[in-house]
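A.B. asks: The numbering of the sequence shown is this note's numbering, which starts it at 2 and goes up by one.
One should not assume that every hint holds.
[As the list claims (entries may be wrong)] EDC-like, lysine to aspartate or glutamate: derived pairs with alpha carbons at most 20 Å apart:
#  : residue 1 : residue 2
1  : Lys57     : Asp68
2  : Lys107    : Asp94
3  : Lys57     : Glu43
4  : Lys48     : Glu411
5  : Lys333    : Glu56
6  : Lys333    : Asp323
7  : Lys321    : Glu43
8  : Lys48     : Glu406
9  : Lys48     : Glu405
10 : Lys48     : Glu211
11 : Lys333    : Glu126
12 : Lys107    : Asp69
13 : Lys107    : Glu211
Simulated from the structure, these hints should not be mistaken for lab results.
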Amino acid sequence: MTPESHSQTPDRPAGDDDARPGPPPGCPAHGLGPGGLARLHESDDLKGLYEQLREKHGPVAPVLVHDDLPLWIVLGHAESQQLVRSPAQFTKDSRIWSPLRDGLVKPDHPLMPHIAWQPMCAHTEGENHHRWRGAIDTAVAATDFRSLRRYVNRSVQRVVNRFCEVGEADLVSQYAEHLPMAVMCHVLGMPDEYDDRMVQAARDMIRGTETAIASNAYVMEALNRLTARRREEPQDDFTGHLVSHPAGLSDEEVSQHLRVVLIAAYEATANLLANVLRQVLIDPRFRSQLNGGQMTVPQAVEQLLWDEPPFSTIFAYYAKQDTELGGQRIRKGDGLLFAPAPANVDPRVRPDPTADMQGNRSHLAFGGGTHECPGQDIGRVIAEVGVDALLMRLPDVELSCDEEELTFTESIASRHLVSLPVHFTPRPQQEITQVPSPEVDTKAPAAYDWQIGGVPRQAAAPTPAAVGAAVGGTGGDAGAGVGGLPDAGPVPAAVPVPPPAAQPEPPKGAWQRFLRWWRGY
2 MTPESHSQTP DRPAGDDDAR PGPPPGCPAH GLGPGGLARL HESDDLKGLY
52 EQLREKHGPV APVLVHDDLP LWIVLGHAES QQLVRSPAQF TKDSRIWSPL
102 RDGLVKPDHP LMPHIAWQPM CAHTEGENHH RWRGAIDTAV AATDFRSLRR
152 YVNRSVQRVV NRFCEVGEAD LVSQYAEHLP MAVMCHVLGM PDEYDDRMVQ
202 AARDMIRGTE TAIASNAYVM EALNRLTARR REEPQDDFTG HLVSHPAGLS
252 DEEVSQHLRV VLIAAYEATA NLLANVLRQV LIDPRFRSQL NGGQMTVPQA
302 VEQLLWDEPP FSTIFAYYAK QDTELGGQRI RKGDGLLFAP APANVDPRVR
352 PDPTADMQGN RSHLAFGGGT HECPGQDIGR VIAEVGVDAL LMRLPDVELS
402 CDEEELTFTE SIASRHLVSL PVHFTPRPQQ EITQVPSPEV DTKAPAAYDW
452 QIGGVPRQAA APTPAAVGAA VGGTGGDAGA GVGGLPDAGP VPAAVPVPPP
502 AAQPEPPKGA WQRFLRWWRG Y
């Protein structure tokens, strides 16, 4: 956008910028740039700022980012849908962005990793987009989601085995940041590459640490090896489908798209998983709805996709022609931020932002239009099974601090929960192929305060059918699955329980039989 676009917004005469001292920190005017526009990157309360912008400008508001580069941020739900569904008016190709064409964007600009054009489907339109996106959609469509649920469950067992005997953990750094990477490495076809180094590399790349460049090189080396291996040894996995797709992607195209899929899926799912677990632990009403069956785990996941979308904003769309959006005049070459966080609480579609959405999927957490996230259902599976299986393993898990002590790191792009410290009754490790369940301990006191998929500790372990009924059929699968994980080490012997013959299962209806089949028992 051009400076003239906002000539109506200054609240003091032109040329008077240097005549008055800048506002002190804490002042309402703090964080304002030329023309009185808000600097997004300087705000320490983006949610509050979004509502101020909505009140002042409506569903589309002018803002500034680093180096006072102008952008529009789309705050309205309907306007966001119009933005992503109008390829004739808006594009993801940043090469038409006016400040970039005019040489105003420095090569080391903090947003360049998001904005810089790259030869991949996320930045293109037309024939190239159709070619690359078609290959990715084919690879996603080939996913066996029942087997994927099994693998997620096995991964949960392996990750929880690392801390279950201690009785305390940080569910962000020890769980939410590990489970998605373990699963995504399997999905892409490189389960052996999953380790702490791969998780750390993903963190570095996303958060822009001093080692981000080296971490990117580490990830790309692994993906290049995978691509070369699939050329020589085709397999029925995500990478194998990209390599063999009729579009004929080059090795570089395959590797670069694998990088985008891996990092985007990891970041989004880690955030989503942490946010759902946080809500379960801090909100008794939310927790009781899960326990009582009024809300399923998939519905809980969708609720958090409304309330805390994994990405607050997505960079960026650009106007291909002069147009109008949300009552604002948008000029050719203007940049626009697609912003799921404020759009999801647009009062025109959600008058009460605290209302339960009960599985409503019209949120914008995964974008929309031709650039809608192709792997969103993979992310949902990881989050749903990751929540359900964890709570079945550790049914008495509780937060180890006050809710007010939980902190977030926030940027324009996303909001991260820093840590989620919890405590629980220490439990022995469990076979990764076993149905997730709490340890059976006949000496322990009666019941837990709350249980999701759990049973009183003095009772025998539930039958798989009973587990399925307890969680309303919302969790993931367990049992032997494809692509097994390596053993996590010696597993302590479980407390003896009566053989199945001594505890006859109740008669199963059609629904229970379906749950047993679906969950892999």
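A.B. asks: Hint by hint, which ones does the structure fall short of?
C.D. replies: Numbers 1, 5, 7, 10, in rising order.
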